[in-house]
Amino acid sequence: MTVFRSVLAEVRQRPARLLLTGLAVLVATAFAAGTLLFTDTLRATVRDGVSGVPEGAAVVVDARHPAAGETAEGGPEGLDPALATRVAELPGVADTRAVREGPVALARTGGTADPGYWRVVSDSFQGSLSSYQILRGSAPSGPGEVALTREAADRLGLGVGDRVVLRPGADAADREVTVTALTLGPFLEGSGTVVAPDDTAAELGARSVSRLLVAAQPGVAPAELTKHVANLVSGQGKAHDAGQLRQERLAEHVRSFDQVLVLLSIFTGMAMVSAAIVVAATFRIVVAQRRRQTALLRCVGAGRGQVVASLLAEAALSGLVAGVLGAVLAWLLGQGTVALVRNWLDQPQLHLQVSLGGLVLCVGLAVLVTVLAAVLPAVSGSRVPPVAALGAAPTVDVGQGVTRLRWVLAGLLATGSGGLAALALATSRGDLPTLTAVACSGMLAFGALAAAAPIILSRLARLLAWLVQDLGKIPLRVAVGNVLRMPRRTAATTLVLALGVAMVSAVLVGVSSARASVDEQLAGSRPAALVISPAFPDGPGIAPEVVSELRALPAAGYVTASTETRAGVGDVRGLARGTELSEFPPLRRGVVYEGALTDLGPGRVGLYKDVAERLGKHAGDQLTLHKDGRRVTLTVAAVYRNAGSLGSFALNPTDLAALDPSARVTRVLLDPAPNHDRNQLRAAVDRALAGNTNVVVQAPGDERAAFEEISRVATLIALGLVGITVLVAVVGVGTTLSLSVVERTQESGLLRALGLQRAGVAAALAWEAVLFGGSAAVLGITAGTGYGVLTLTAMSVFEVIAIPYEQLVVVALGLVALLLVASAGPARRASRTTPLQALATE
Amino acid sequence: MSSEQRLDAARPAPSSTVAGVPTARVAARTVDLAKVYGRGEAAVRALDGVTLDIHAGRFTAVMGPSGSGKSTLMHCLAGLDDATSGQVSLGGTELTGLSDRELTKLRRDRVGFVFQAFNLLPQLTAQENITLPLELAGRQPDSGWLAEIVTVLGLAQRLRHRPAELSGGQQQRVAVARALVTRPDVVFADEPTGNLDSRSGNELLGFLRSSVQDYGQTIVMVTHDPVAASYADRVVLLADGQLAGEIYRPTPDSVLDALKRLGA
Ligand SMILES: Nc1ncnc2c1ncn2[C@@H]1O[C@H](COP(=O)(O)OP(=O)(O)OP(=O)(O)O)[C@@H](O)[C@H]1O
Ligand SMILES: [Mg+2]
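If you read the sequences in order, they're chains A and B.
Per this note's numbering, the first sequence runs over residues 1 to 842.
Per this note's numbering, the second sequence runs over residues 1 to 264.
Don't read these hints as lab results, they were simulated from the structure.
Not everything, but these chain A residues come out facing chain B in the computed CB check (under 10 Å):
#1 N482
#2 L751
#3 R752
#4 L756
#5 R758
#6 A838
Please read these numbers as outputs of a predicted model, since none were measured by experiment.
Every residue gets a Cβ at the ideal spot worked out from N, C-alpha and C, and that includes glycine.
My request is simple: use the sequences and hints to build the entire structure.
Here you go:
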């Protein structure tokens, strides 16, 4: 009890101190609680919302998925439309609805087909068996009236009253229809959906019945009814208990959310570990500052146990306060986010889910982490000999004698880390064991760094200081002295910072490699300014008149039309494409492993790398392609990487025609003529193809923009996740500096007495932040880039690995700037020190 | 007038006094200086109308009972603290009304300090501590002068050590070297020997004494120790924030005597 009373007295004396020690934990707890709120909310949203099965359905019959190979010409098998009437006659059935569905091409009036995948679905727009809810406009009623999901309409920039052209198939005619309503569809199912009443939908290509919804009469057990329905539909489709189906769907979603939760937990764990390191460093400072006080307590008879207990009690209290504040912060942020999202989206309906148990768990975790982090500092703090109360003891780190031990430990860990990294590189299989090896190697490397950090950092800080020595004189010197004086303290804070920076750097390396790889892939698969392809993959391809019309365009420079068919060598099958490379020289720029693309021509074949490997063929070898009994023997001229535009087998069109005389033209590539630009070409092509809904015009730039959008969002999310660790670390530096300012009041006072201006005192602290930031940036960026490259190489994720040097420099500068901001408060406080404070002893 | 003034009339004054009136240059001066801490009921008049000249090239000791205002007087003279009323000037510069910036610059260029404890920055070596004021001013140390001080103070072998590796006496000698290296108008020392044993204390005082004699340095030292005070040319006595007399050419006995009378 006395222990607790002394803690409370301490807290009452310096309430801010309690918060300061727990600040890093506060941030980490806020993140942990936020993670929990986020996944809970997401889960609840899915549960309440939209499982894709309307609420009125008791039984759902889904059309049997056609077996592989069955699809080819007959189209997907649907349910018998008459089934609905027969099911309706079953006892206990209140109502039935057949849902029709079919693919369709969609175009704006007078345009070519939209590149997205579109389908027409039938719905009644009313009653309990409807899946689509009208958000705006009125339900389509007559022929020529449809509804669009809001997502789809937003993407195309369409609204109620607009007209669009729908084409149900390659051989069907265009229908111009009016959008009369925007609807809310089932969760994650609305991106390309046209909804219409039964008759209209059937006319627009929703020919097959994909699903039958059955409502039960009151009091009828769904399981029982499901059995009856199942008997009736056996063979055609599968009957599900709707309740069960909803549960299954939900379970699927929840599983994916659980994966998200696991992922988030990893980052939460990182943040917590970082917070623990920061808290330990903070406590070490606090303990050092109380050295005299502790010694005095020991002089008057306090046992070591009592000293430790009081420190741990203080840590627990600090953790509790930080945890509660963190949880409250997360809750407030959650409310704010939900309010924001509600403004943008009307689906899904979001309600912040707060599980009290979870929040209590987070607070408990905060307390635990803080107490655990405080154990070592508390124990070593309690070791103060009572006589220390008598002498003035300047704060100096203890434990510098263990340098050798540190080197040995660091050496061992580094060797282990290097070995694992080498193993991962040697296998480079991209499977889970490889990833585990990389991850373990990373952890060992962190351990090695942690062991050697005090030594490495003091060298690094000295080096950095030497590099910038002409910039500041005394303030810099003082800062260097301060950094070097407490190697362990410096090491702890810098290490956490470096960890954060390393993760940020790794993410950036990943993103930039992804971008470079996609760029290369796009360049490979879409080597032209414009690519024209058929709207219906199974249709007749691009008509010869269209090709000649495109060739004749004055704005078009290089133009080539390639044919395709599926062919094989032995049992290795793949897409064979017939392209006249001489018509389109840019195609020859692809990445080649063997031979040369310029050598392609009649009698020659190019192979996609994977196919070449599977066949064991090299440039100069001969191979025989076969298709439906026809054979062509060709010489391998090149092995290349970008399969998108050339196919698995790149042939000359004449050879392809010999293999498959009915091969269709499936791709036309166009580049602008020398005195025209891409926009002029695009305008000319749009004019030439106006109203042709059989073809899709794509510019690689569009895809590039779409990818950019996705990658931007993904990058932001990833950076947000790893950013928490950086934030914890920055808070840690701020805390450490604040405490140091208190610790160095006398020194600051002395400097002021000797004639250092206020700004000079502030500058010393700013320099210290810069040294922290600089060291962390150097270590973190090096390690992060290294491990980023290692992971990407070992996992063979991307074809190109690109290091974003500029971004990394920005990261380093940003970190330093962030730390300067964090040091601003302490710096101001330090500069307010009066010279007289140098003379005050306690 | 008090008996102490009679006392110094009885003693032969230093050579520069003519008929008992000091004519030496004035290095620092206070006129009717008052310093009040706190307000209302709790107000403490630490200094209450002190008018005093500090002679240039002399060693002045300030003595008095605890709480008499010695440290406060020194802080006001050295530009470390501001006066509540009255005037303070140092080397001809009026301190009252100077901004923090100007005061800082004045301390840097024209004042040296030796405190009782905590004189050195722990992260700097002895050499760096000594040249700190010069570096703050962006000046190059006069290497002859630096070498001389360092040799006389017996620090030549210790320059690369950090304060934690030096004895208390060595640390104080480093502080003295730092105070002298800029050749300031006045060196202020507040109980510089308070933490030292008598041998180190005497060494330090001997050096302060010879810096006055050999280099003409002006020194003001606050002390409780009559023996320390006997190294000075003149002892100024304070009691309750007011001047309570002075002794020229003090001896430990005369000082002890005067203090006893003050206490009575
Ligand atoms: N910062 C302060 N706030 C309030 N009162 C103060 C402060 N500093 C000094 N005093 C008071 O002013 C008076 C003079 O203090 P000062 O430190 O000058 O005495 P001193 O002669 O140096 O004493 P000592 O020999 O004990 O060092 C004392 O009564 C003291 O209590
Ligand atoms: Mg005093």
